[in-house]
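Undergrad: Residue-level listing of the chains:
2 protein chains.
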Amino acid sequence: MNPVGKPGKTGSLMPVEEALARLLQMAEATPILEREYLPLAQVDGRVLAQDLVSTLDLPPWPNSAMDGYALNLADWTGEPMPVSQKVFAGQSPEPLKPGTCARIFTGAPVPAGADCVEMQENAEILADGSVKFIEPMSIGQNIRPQGQETTPGELILPAGTRLGPIEQGLAASLGCAGLTVVRKVRVAVLSTGDELVEPGQALGPGQIYNSNRVLLCSWLQRLGCEVVDAGILPDDLSRTRQRLGELQDVDLILSTGGVSVGEADFLGIALREEGELTLWKLAIKPGKPLTFGHFRNVPVIGLPGNPASTLVTFALLTRPYLLRRQGVQAVEPLKFRVPAGFDWPQAGNRREYLRGRLEQGRATIYRNQSSGVLRSAAWADGLVEVMEGRTLVVGEDVMFIPLSDLLD
Amino acid sequence: MNPVGKPGKTGSLMPVEEALARLLQMAEATPILEREYLPLAQVDGRVLAQDLVSTLDLPPWPNSAMDGYALNLADWTGEPMPVSQKVFAGQSPEPLKPGTCARIFTGAPVPAGADCVEMQENAEILADGSVKFIEPMSIGQNIRPQGQETTPGELILPAGTRLGPIEQGLAASLGCAGLTVVRKVRVAVLSTGDELVEPGQALGPGQIYNSNRVLLCSWLQRLGCEVVDAGILPDDLSRTRQRLGELQDVDLILSTGGVSVGEADFLGIALREEGELTLWKLAIKPGKPLTFGHFRNVPVIGLPGNPASTLVTFALLTRPYLLRRQGVQAVEPLKFRVPAGFDWPQAGNRREYLRGRLEQGRATIYRNQSSGVLRSAAWADGLVEVMEGRTLVVGEDVMFIPLSDLLD
Numbered sequence: 000m001n002p003v004g005k006p007g008k009t010g011s012l013m014p015v016e017e018a019l020a021r022l023l024q025m026a027e028a029t030p031i032l033e034r035e036y037l038p039l040a041q042v043d044g045r046v047l048a049q050d051l052v053s054t055l056d057l058p059p060w061p062n063s064a065m066d067g068y069a070l071n072l073a074d075w076t077g078e079p080m081p082v083s084q085k086v087f088a089g090q091s092p093e094p095l096k097p098g099t100c101a102r103i104f105t106g107a108p109v110p111a112g113a114d115c116v117e118m119q120e121n122a123e124i125l126a127d128g129s130v131k132f133i134e135p136m137s138i139g140q141n142i143r144p145q146g147q148e149t150t151p152g153e154l155i156l157p158a159g160t161r162l163g164p165i166e167q168g169l170a171a172s173l174g175c176a177g178l179t180v181v182r183k184v185r186v187a188v189l190s191t192g193d194e195l196v197e198p199g200q201a202l203g204p205g206q207i208y209n210s211n212r213v214l215l216c217s218w219l220q221r222l223g224c225e226v227v228d229a230g231i232l233p234d235d236l237s238r239t240r241q242r243l244g245e246l247q248d249v250d251l252i253l254s255t256g257g258v259s260v261g262e263a264d265f266l267g268i269a270l271r272e273e274g275e276l277t278l279w280k281l282a283i284k285p286g287k288p289l290t291f292g293h294f295r296n297v298p299v300i301g302l303p304g305n306p307a308s309t310l311v312t313f314a315l316l317t318r319p320y321l322l323r324r325q326g327v328q329a330v331e332p333l334k335f336r337v338p339a340g341f342d343w344p345q346a347g348n349r350r351e352y353l354r355g356r357l358e359q360g361r362a363t364i365y366r367n368q369s370s371g372v373l374r375s376a377a378w379a380d381g382l383v384e385v386m387e388g389r390t391l392v393v394g395e396d397v398m399f400i401p402l403s404d405l406l407d
Numbered sequence: 000m001n002p003v004g005k006p007g008k009t010g011s012l013m014p015v016e017e018a019l020a021r022l023l024q025m026a027e028a029t030p031i032l033e034r035e036y037l038p039l040a041q042v043d044g045r046v047l048a049q050d051l052v053s054t055l056d057l058p059p060w061p062n063s064a065m066d067g068y069a070l071n072l073a074d075w076t077g078e079p080m081p082v083s084q085k086v087f088a089g090q091s092p093e094p095l096k097p098g099t100c101a102r103i104f105t106g107a108p109v110p111a112g113a114d115c116v117e118m119q120e121n122a123e124i125l126a127d128g129s130v131k132f133i134e135p136m137s138i139g140q141n142i143r144p145q146g147q148e149t150t151p152g153e154l155i156l157p158a159g160t161r162l163g164p165i166e167q168g169l170a171a172s173l174g175c176a177g178l179t180v181v182r183k184v185r186v187a188v189l190s191t192g193d194e195l196v197e198p199g200q201a202l203g204p205g206q207i208y209n210s211n212r213v214l215l216c217s218w219l220q221r222l223g224c225e226v227v228d229a230g231i232l233p234d235d236l237s238r239t240r241q242r243l244g245e246l247q248d249v250d251l252i253l254s255t256g257g258v259s260v261g262e263a264d265f266l267g268i269a270l271r272e273e274g275e276l277t278l279w280k281l282a283i284k285p286g287k288p289l290t291f292g293h294f295r296n297v298p299v300i301g302l303p304g305n306p307a308s309t310l311v312t313f314a315l316l317t318r319p320y321l322l323r324r325q326g327v328q329a330v331e332p333l334k335f336r337v338p339a340g341f342d343w344p345q346a347g348n349r350r351e352y353l354r355g356r357l358e359q360g361r362a363t364i365y366r367n368q369s370s371g372v373l374r375s376a377a378w379a380d381g382l383v384e385v386m387e388g389r390t391l392v393v394g395e396d397v398m399f400i401p402l403s404d405l406l407d
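Protein chains in written order, with numbering that gives the first Met the number 0: chain A, 0 to 407; chain B, 0 to 407.
Do not rely on the hints blindly, as some may be mistaken.
Which copy? The list can't say, so a pair holds if one copy fits it or any two copies do.
Okay, derived cross-link-like pairs now, SDA-like style, lysine to any residue, Cα gap no bigger than 25 angstroms in a straight line [unchecked claim]:
#1 Lys-334 x Thr-363
#2 Lys-280 x Ile-124
#3 Lys-287 x Met-118
#4 Lys-287 x Trp-60
#5 Lys-85 x Pro-97
#6 Lys-287 x Gly-139
#7 Lys-131 x Gly-98
#8 Lys-85 x Gly-340
#9 Lys-85 x Gly-205
#10 Lys-280 x Met-118
#11 Lys-287 x Pro-144
#12 Lys-280 x Glu-123
#13 Lys-96 x Ile-138
#14 Lys-131 x Ala-329
#15 Lys-287 x Met-65
#16 Lys-96 x Glu-78
#17 Lys-280 x Ser-11
#18 Lys-334 x Arg-182
#19 Lys-280 x Ala-158
Hints listed in this document are in silico derivations from the structure and should not be mistaken for laboratory results.
With the hints as extra help, turn the sequences into a complete structure.
TA: Written out as structure tokens, the structure is:
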């Protein structure tokens with residue numbers, strides 16, 4: 000175990016990127032290998048298990064980008080042209096009769112022999128039904144060529160892609176009725192602490208409500224995980240051992256609030272006896288104590304129990320770990336450089352993730368950054384990252400991570 | 000109907016903000032008024048129907064922010080102090096015996112009479128069990144006072160708040176076992192066009208796969224809507240009328256691809272006959288044609304059928320409309336000012352929403368911005384907004400809207 004850092008001494012705390020690199024390495028050592036084939040409508044939030052390769056041309060034939068008229072530009076003399084056919088989307092047109100044009104609608108196949116579509120707004124329909132074109136035209140205009148978007152054999156989405164509505168739509172456009180995805184990660188959520196009471200029950204002396212359980216269960220579901228709600232772990236060694244033993248078929252035990260050097264830490268004792276336990280002191284605030292270990296063969300991550308600490312360490316360390324176990328390469332959240340709307344006069348020895356909002360383009364922060372409840376996070380749009388040792392005055396740049404990107 | 004705009008003439012196209020303002024006004028005129036009470040675990044993605052007000056102090060009692068020792072600072076002379084009790088989280092301590100300190104753990108109630116907690120790293124345990132404090136201390140240090148986060152009667156979340164994991168956690172910390180939320184918006188998704196074939200089926204001449212259906216169904220579910228999949232509307236007037244008539248209990252009919260001035264537009268005919276229809280030509284690209292109307296009393300939004308156009312108009316216009324119908328005030332997505340990583344030499348008369356990525360802090364765009372498929376959007380992290388009439392060189396600022404914020 001690393002020694003505890005004192006203000007000003009950052010050497011003894013583990014930087015966030017080192018903790019992340021270690022977790023990702025461990026995730027890569029224990030990938031989820033099982034796959035399942037699911038109907039396309041059911042893959043939102045899942046991870047693609049094999050490359051999606053196009054088997055067709057998109058578009059499958061040249062088609063019109065406009066409602067208008069298809070013609071062969073070489074036939075156009077400036078004189079009105081008769082309309083020889085009408086092509087709706089979904090129809091299969093005749094080859095274009097020389098010297099004529101075809102009425103055509105958006106998405107309809109362009110008849111063989113036509114090389115140009117003029118939009119209807121630039122066409123004048125004469126009394127005899129022929130059409131006069133009033134603007135200059137060019138070959139290929141308003142035609143989407145066959146195979147413009149993709150051709151057979153092209154890689155469309157690599158294995159490891161997280162799937163959402165857009166990827167579902169893209170796969171549909173290629174005719175896929177389903178996709179092979181990585182099995183859901185099974186995560187057991189354990190809260191530790193005798194002080195915890197479930198919402199809806201009466202609060203006794205010294206007790207507080209368990210907020211991390213619903214936070215994590217809900218978030219894990221958004222990340223495409225299967226959640227095993229393992230409840231509150233009693234502060235008792237033999238029951239702790241028993242409860243952990245019941246979780247041997249999960250991919251991760253995620254606990255909050257329990258593992259420390261405290262004397263009442265039965266989870267820590269159980270892990271030391273029947274597995275392994277590493278306590279990290281991270282250069283992160285809120286956060287700092289993070290546990291990684293295993294019980295028998297099941298990996299265990301122990302997050303700090305203060306809600307804002309749970310949120311930040313889950314978002315920045317556990318989320319990427321869980322995605323990487325499913326084979327996702329892109330696990331970093333989006334980060335934007337924005338001007339600070341606040342002063343930060345005193346440098347800290349831990350990297351701060353302040354709960355903040357974007358207001359008139361500036362990062363503003365919630366007045367009370369206590370890690371005790373989630374009020375700051377509910378107010379916030381994102382996490383404002385202030386690096387170790389950094390001070391700030393209004394207008395200097397900080398990094399802003401949208402919460403929506405982390406919750407997704 | 001507005002006349003069609005020509006390049007350079009922006010007056011004839013409706014600006015995006017005007018279209019949004021009109022849609023939001025219509026949403027406010029038809030709010031979803033029904034509510035339901037749900038267990039807290041089930042409210043992710045839903046909208047809070049009544050203010051959430053605190054009924055308790057948080058924390059409920061002063062508690063320790065550290066593992067350490069609680070003492071009354073006035074008792075401290077610099078000499079070692081005996082330890083008179085040990086307080087774990089979840090316990091209810093005795094009042095502090097004068098002249099002594101209490102062993103205390105993170106989250107445990109601070110005993111009455113103690114006004115300071117020193118962390119264990121700054122304490123030396125002597126052979127007789129007494130504790131010597133080696134650093135200066137101050138009143139209130141490492142104590143989280145009762146009611147620091149909230150007190151009874153405080154507004155925690157206003158009605159109209161969208162609920163996600165963080166809000167669920169926050170409500171849990173206040174002891175709420177459930178919340179009253181707005182009834183889900185029921186949205187019927189209709190695709191129009193004879194050229195559409197469902198994925199998994201064989202593609203005939205002139206046909207393409209229906210990608211908008213799964214895109215929208217999946218996205219609507221993320222937005223907390225109840226989706227009625229109304230399939231592909233046949234290009235036939237009487238069957239169109241019949242299908243629309245079957246959808247009288249939904250809150251919105253959302254169609255793609257059908258409504259235009261085209262001759263085969265049976266949806267448009269049905270709306271004109273038994274409702275109302277407004278065709279907007281929007282200053283948006285991809286996008287432009289958007290329909291708003293109703294069939295009998297059910298609102299209808301018709302999005303353009305090209306997948307990227309469907310995506311952009313859904314994200315920027317339909318999503319806020321649907322949220323506002325549930326009473327959500329904050330319907331604008333996050334927008335970040337970032338330097339462009341591309342040149343944009345030719346100004347357009349429509350506002351462009353390019354599918355882009357953030358690369359080294361700059362907005363880069365997908366090489367093919369065709370609206371024909373979703374490939375650009377699957378590649379992208381966000382929409383890069385280029386205003387009407389604007390040109391850009393590398394390094395100039397553009398606005399970047401994260402897709403994760405729109406998909407959430």
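Undergrad: Which of the stated hints cannot be reconciled with the structure, identified by number in ascending sequence?
TA: Per hint list: 8, 14, 18, 19 violated.
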